[in-house]
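Colleague: Protein chains in written order, with the numbering used here: chain Z, 4 to 326; chain U, 3 to 284.
Errors might be hidden in some of the hints.
[To be verified] Examples of chain Z residues lying across from chain U (beta carbon under 7 Å, computed):
1. A52
2. T56
3. H91
4. F100
5. F231
Hints were generated in silico from the structure; no laboratory data involved.
These numbers come from a predicted model, not from an experiment.
In this text, a Cβ means the ideal position worked out from N, Cα and C, and glycines have one as well.
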Amino acid sequence: MSIEIVNVSKRFGDFVALDNVNVSIPSGQLTALLGPSGGGKSTLLRIIAGLETADSGRIEIEGVDATKLSPQKRNVGFVFQHYAAFKHLSVARNVAFGLEIRKRPKVEIRERVDELLKLVHLSQFADRLPSQLSGGQRQRMALARALAVQPTVLLLDEPFGALDAKVRKELRDWLRRLHDEVHVTTVFVTHDQEEALEVADEIVVINEGRVEQIGSPDELYDTPANDFVMRFLGPVTELGDRLVRPHDLQLLTGGGEPDTVTGRITRITRIGFEIRVEVAVGEQLVTVTLTRNEFLSLGLQVGSEVQVRVATGVGAPRLIDAV
Amino acid sequence: MTSTTLTPDRPAISRRPVRSGRPLTRVSGLGLGVAMLWFSLLVLIPLAAVVVTASAGGWSSYWQAVTNEQTAAAIELTVGTAFLVTLLNIVMGTMIAWVLVRDRFFGKRALEILIDIPFALPTIVAGLVLLSLYGKTSPLGIDIANTPKAVFLAFLFVTLPFVVRTVQPVLAELDRDVEEAAMSLGASRFTVFRRIILPSLTPAIAAGAALSFARGVSEYGSLVLLSGNLPLKTEVASVRILSSIENDNYDIAAAVATILLAISFIVIVALDVIQRRMVRRG
Numbered sequence: 004m005s006i007e008i009v010n011v012s013k014r015f016g017d018f019v020a021l022d023n024v025n026v027s028i029p030s031g032q033l034t035a036l037l038g039p040s041g042g043g044k045s046t047l048l049r050i051i052a053g054l055e056t057a058d059s060g061r062i063e064i065e066g067v068d069a070t071k072l073s074p075q076k077r078n079v080g081f082v083f084q085h086y087a088a089f090k091h092l093s094v095a096r097n098v099a100f101g102l103e104i105r106k107r108p109k110v111e112i113r114e115r116v117d118e119l120l121k122l123v124h125l126s127q128f129a130d131r132l133p134s135q136l137s138g139g140q141r142q143r144m145a146l147a148r149a150l151a152v153q154p155t156v157l158l159l160d161e162p163f164g165a166l167d168a169k170v171r172k173e174l175r176d177w178l179r180r181l182h183d184e185v186h187v188t189t190v191f192v193t194h195d196q197e198e199a200l201e202v203a204d205e206i207v208v209i210n211e212g213r214v215e216q217i218g219s220p221d222e223l224y225d226t227p228a229n230d231f232v233m234r235f236l237g238p239v240t241e242l243g244d245r246l247v248r249p250h251d252l253q254l255l256t257g258g259g260e261p262d263t264v265t266g267r268i269t270r271i272t273r274i275g276f277e278i279r280v281e282v283a284v285g286e287q288l289v290t291v292t293l294t295r296n297e298f299l300s301l302g303l304q305v306g307s308e309v310q311v312r313v314a315t316g317v318g319a320p321r322l323i324d325a326v
Numbered sequence: 003m004t005s006t007t008l009t010p011d012r013p014a015i016s017r018r019p020v021r022s023g024r025p026l027t028r029v030s031g032l033g034l035g036v037a038m039l040w041f042s043l044l045v046l047i048p049l050a051a052v053v054v055t056a057s058a059g060g061w062s063s064y065w066q067a068v069t070n071e072q073t074a075a076a077i078e079l080t081v082g083t084a085f086l087v088t089l090l091n092i093v094m095g096t097m098i099a100w101v102l103v104r105d106r107f108f109g110k111r112a113l114e115i116l117i118d119i120p121f122a123l124p125t126i127v128a129g130l131v132l133l134s135l136y137g138k139t140s141p142l143g144i145d146i147a148n149t150p151k152a153v154f155l156a157f158l159f160v161t162l163p164f165v166v167r168t169v170q171p172v173l174a175e176l177d178r179d180v181e182e183a184a185m186s187l188g189a190s191r192f193t194v195f196r197r198i199i200l201p202s203l204t205p206a207i208a209a210g211a212a213l214s215f216a217r218g219v220s221e222y223g224s225l226v227l228l229s230g231n232l233p234l235k236t237e238v239a240s241v242r243i244l245s246s247i248e249n250d251n252y253d254i255a256a257a258v259a260t261i262l263l264a265i266s267f268i269v270i271v272a273l274d275v276i277q278r279r280m281v282r283r284g
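Kindly produce the complete structure, drawing on both the sequences and the hints.
Modeller: This is the structure we're talking about:
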């Protein structure tokens, strides 16, 4: 295990940011800390980096107790949401900063900087100032800067949060590929479940200062530990006392099938390739998503009577947690 | 990283400085005209008048006026003291601004307001305060009346707020992320200050220093009482100008004025140059 977080708690005044958190982060993997804003995931990342100190608990990085180490001595690379570029230094000098601090020979610094700028596709911008780069370019520069000192772990705090949707998606793919090449243990914080599911090897779901579940994207999606995880990872709808994904529901028009409930369609919305059908079943409003072809073959209209059931082969649906 | 593909980078902003502003429209032309007229009436014409008066008697009389022993001593005292005071203000002002922005302590709000008192106080009142505290009847037992120290102290008093007030807002706006990034890259607190914070503050410090120097050179009210205005010893340039005028010696007054003008101009330009260098170097 690369990072061990043991019984870590942190308060800010009355606000409990982290409540006895235990997480083991494996070496060489890309781990996402996922959760809603204010849930404590950024605080946890900052505690790992030493930018925040835990009130209690222990942090180990690669077998070394780092709980009391200063951020300078932890050898972690940190990437901030808003880039934290050194505005007065050129892109190359930004990347060289950590190496200059370590008083490496000039030749070595230049070679390493060139190599990193190539890695993040910024070679032709080496002499620019950060203000002359786009957001995505600035974040790539920040990543190169963090990687320059060959950190034992790379920590990214909402790295794509400040970018627009298209660049975000692009950088997300790129980060995944970069990680496959560089293999440094990476932890990134995000509140975007799609980002976590797409990029991470392992996801730690954090909410209200506690770890809700740890697992691979598949595990989390298919067997969520509780309603919160299920709701947070994707769209859900309630059918009776069961919590299901809308795409795991089927609509039938014939009648007479077992395990179905009957309802009436109240609304049909088309979102690109997907059709969202709302069905009133008694008091409940159930959402079902269909593909365009399924929808057309059923010939549904607002007001039609339909039977709803959980599609076969998707496993047992969750019962809603007792409150 | 050959396997990685990214969409081509959009052409980033070109490095060539873009000429700011647009061609003049009728309204903006009028605005420019008014601004120039205003500036001319208040600044350019009076400055030109001083230069004309100073040069009225020809070069030899100008040179004589400037090299007059009493005048030279006054200019030297003024400029030298203003220079030292500015250096001290750079250090102390930055420190006070730091404390005001970064630390939380009891009485911070009160201190924030007190800092501005030298701005608001009529300088002659400041002079009176200094005289009663550091004059012959000093309750502190410190008597610096009629010594060059009095000039130094008066300059310090009136120029205190400049660096503090220029640095404070810039410091408050600084991004803490940037400092944290530097720290996690291994930079010590001192290195973070020197290589990250200081370059960001330099323009503000330079601006404050320029103001502080200019104010020092022109100071009159706060020091006349305490310094005693002794020729060759504690007489500053502004007092020298006044006494020259009182003796109907307009040549000397104008000559001193042009010297002060030139020095202030040089200092402001020099500070701007230093500031640009510092920021670039990092």
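Colleague: Hints first: check each against the structure and report whether it holds.
Modeller: Against the structure, the hints come out as follows:
no.: 1; hint: A52; result: 6 Å, holds
no.: 2; hint: T56; result: 13 Å, violated
no.: 3; hint: H91; result: 5 Å, holds
no.: 4; hint: F100; result: 6 Å, holds
no.: 5; hint: F231; result: 30 Å, violated
Of the numbered hints given earlier, the model fails hints 2 and 5; all others are met.
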